[in-house]
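**Student:** Residues per chain are reported as follows:
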Amino acid sequence: MKRYLEVYKQCMYSAIQAAAAYRMNFIISSLITLVGNTLFPLVTLLIYRAGTSFPGWSLYEVLLIQSVFTMSSGLSSLIFGGVLWTTMSHIREGSFEVILLKPLNPLFFIIATTFSTDSIGLFLGGVALFIFSVIQAGAIPLLFWLQFMGLFIAGTAVLAGLSLMMAAMSFKWVGNSRISELADSVLNIGKYPLPVFPKAVQAVATMIIPVGMVGFLPASALLGRVQARDFIAVLPCLLFLAAGVWVYRHMIRLYEGVGG
Amino acid sequence: MNSLKYNWQICRTVAGVTYKEWSAYRTHSMVSIIVGPVYFMVQYFIWTAVYGDHSSLGGISLPQMIRYFGATALIGYLIMDFADWNLSMLVRTGKFLTFHLRPIHHRSFALFQKIGHRSLGFLFEFLPCLLIFIFIFGVDMRPVSFPWTILSVLLAFMMNFYVNYTIGLTSFWLVQSNGIRSAFMLVSGIFSGALIPLDFFPHWLQVTQFFLPFQYIAYMPAMVFTGHYSLGGLELSIQQAVGVQAVAVFITFGINELVRRLAMKQFTAVGA
Numbered sequence: 000m001k002r003y004l005e006v007y008k009q010c011m012y013s014a015i016q017a018a019a020a021y022r023m024n025f026i027i028s029s030l031i032t033l034v035g036n037t038l039f040p041l042v043t044l045l046i047y048r049a050g051t052s053f054p055g056w057s058l059y060e061v062l063l064i065q066s067v068f069t070m071s072s073g074l075s076s077l078i079f080g081g082v083l084w085t086t087m088s089h090i091r092e093g094s095f096e097v098i099l100l101k102p103l104n105p106l107f108f109i110i111a112t113t114f115s116t117d118s119i120g121l122f123l124g125g126v127a128l129f130i131f132s133v134i135q136a137g138a139i140p141l142l143f144w145l146q147f148m149g150l151f152i153a154g155t156a157v158l159a160g161l162s163l164m165m166a167a168m169s170f171k172w173v174g175n176s177r178i179s180e181l182a183d184s185v186l187n188i189g190k191y192p193l194p195v196f197p198k199a200v201q202a203v204a205t206m207i208i209p210v211g212m213v214g215f216l217p218a219s220a221l222l223g224r225v226q227a228r229d230f231i232a233v234l235p236c237l238l239f240l241a242a243g244v245w246v247y248r249h250m251i252r253l254y255e256g257v258g259g
Numbered sequence: 000m001n002s003l004k005y006n007w008q009i010c011r012t013v014a015g016v017t018y019k020e021w022s023a024y025r026t027h028s029m030v031s032i033i034v035g036p037v038y039f040m041v042q043y044f045i046w047t048a049v050y051g052d053h054s055s056l057g058g059i060s061l062p063q064m065i066r067y068f069g070a071t072a073l074i075g076y077l078i079m080d081f082a083d084w085n086l087s088m089l090v091r092t093g094k095f096l097t098f099h100l101r102p103i104h105h106r107s108f109a110l111f112q113k114i115g116h117r118s119l120g121f122l123f124e125f126l127p128c129l130l131i132f133i134f135i136f137g138v139d140m141r142p143v144s145f146p147w148t149i150l151s152v153l154l155a156f157m158m159n160f161y162v163n164y165t166i167g168l169t170s171f172w173l174v175q176s177n178g179i180r181s182a183f184m185l186v187s188g189i190f191s192g193a194l195i196p197l198d199f200f201p202h203w204l205q206v207t208q209f210f211l212p213f214q215y216i217a218y219m220p221a222m223v224f225t226g227h228y229s230l231g232g233l234e235l236s237i238q239q240a241v242g243v244q245a246v247a248v249f250i251t252f253g254i255n256e257l258v259r260r261l262a263m264k265q266f267t268a269v270g271a
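Listed in order, the protein sequences are those of chains V and Y.
Residues in the first sequence are numbered from 0 upward in steps of one, following numbering that gives the first Met the number 0.
Residues in the second sequence are numbered from 0 upward in steps of one, following numbering that gives the first Met the number 0.
To be clear, the hints were calculated from the coordinates, so they are not data collected in a lab.
Some hints could be false.
Derived contacts from chain V toward chain Y, CB cut-off under 10 angstroms, selection only [said to hold, decoys possible]:
#	residue
1	24
2	28
3	31
4	34
5	50
6	192
7	200
Cβ atoms here follow ideal geometry from the backbone N, Cα and C, with glycine treated the same way.
Next up, chain V with everything else stripped away, as it sits in the complex (with noise of 0.2 angstroms):
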């Protein structure tokens, strides 16, 4: 485990090294990444500024939602992020071998060889609009901030997982750059307050595919919205993470080799 978190820190030092390498670059995409997390909640903005809300949610409720949810995306990017563009180009190239020949853990390895620092523009916009939605939110009990930093957390497994998945199907749907996209399009719905969607798409959004925990469900424990219930989709979302985790390693013993 301690040499585990030995390569882990290595690694994220050499990525922070190329990344300073090429500082111009760097703080462009990071500019650029935090105005774009700026003008994301612009769509919610302008529908609470045209005289209407999604029910039952005031403008800051939903952008605490949506600061939440790209907080945990930014957070996932950082960590997860690379994976799937790292397999994919491996596997086009027929350069999988080498990583499979490291003395460690291939998806260890590639997990913490592809630390993206470009995410945290991400991450830091997210930071922004969330403590300016939290603010407005008023005084919140620990216990709330407490339950939300397990959502949140359970959230992050989600995204993980996700990660891992579009990742494990780049071993078999070879040098497709719009996988992402898959896992984009059902994202969307974790941007929004649950309740809007019909009670077929809330099951899913909790159960198989806990999108709702990116940002819906963080959101509503630090507004004091959740109930007991509420936290059974824990487990769905750690069963996705492992479910994630499983699928890429059984892929890689699928994988066959063209040379490298």
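Starting from the structure of chain V, add chain Y where the hints point.
**Tutor:** Chain Y in isolation, oriented as in the chain V frame:
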């Protein structure tokens, strides 16, 4: 006349080869069959909830709004373009030299490639999604006027191409134009009206859109499709809207040509 026939033959050949080339990766295009309807479904439920008891928002009724999002999604498949990325790659790798030596203008070549690529998109993205929107979501996807909608989409196709090509031309100065591409995509995503109709924007921002290329790429053709165009307090008939769009495309072409000539003076080949 011979020149026209010659160009038509080149167009047909380049478009045909591009179509065949990308047909090998047609499942890539078919991702849209899942992504498009899922995205549309999200929009459908969000706007149904937002409308609630309101009969109209920003002067648009709910069925019009649903039709609008259906139209922007489908138009997106017809006009999708990555000429900027392609040109940037050719400049960065030095491969642009080989195009510079060919007896065909690279811009024309890129346009013909786009025609071939989008013909494939028509079959594997546009048609399946159109059928899903009509038969599964029950959306009326008949445009108010077929000829004017087709003309407007063609103009949007050209506008998107010229704007993207101009962005790609910045690579002659910057070599790596990824930053500008990302920034443009970000701004375009919002101001083209693909996320929300421009009627919802503040008045001054709506007026600004007349002088920027974005609304001519998605908002205007989608509004021509729905048969009602208004922006910044200005109401235009379908014919007038398409006329304004044509003028905007013509101006954009002029800017593109100017930038292209400056870029060619900047070009220094490094081998291929």
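**Student:** Next step is simple, just say for each hint if it's right about the structure.
**Tutor:** Evaluated hints:
1. 24: This hint holds: residue 24 of chain V lies near chain Y, its Cβ roughly 7 angstroms from the closest one there, short of 10 angstroms.
2. 28: holds, 7 angstroms
3. 31: holds, 5 angstroms
4. 34: With a minimum Cβ separation of about 7 angstroms from chain Y (threshold 10 angstroms), the hint on residue 34 of chain V holds.
5. 50: Holds - the Cβ of residue 50 of chain V comes within 10 angstroms of chain Y, reaching about 8 angstroms at its closest.
6. 192: holds, 8 angstroms
7. 200: Since the shortest Cβ distance to chain Y is 7 angstroms, the answer is holds.
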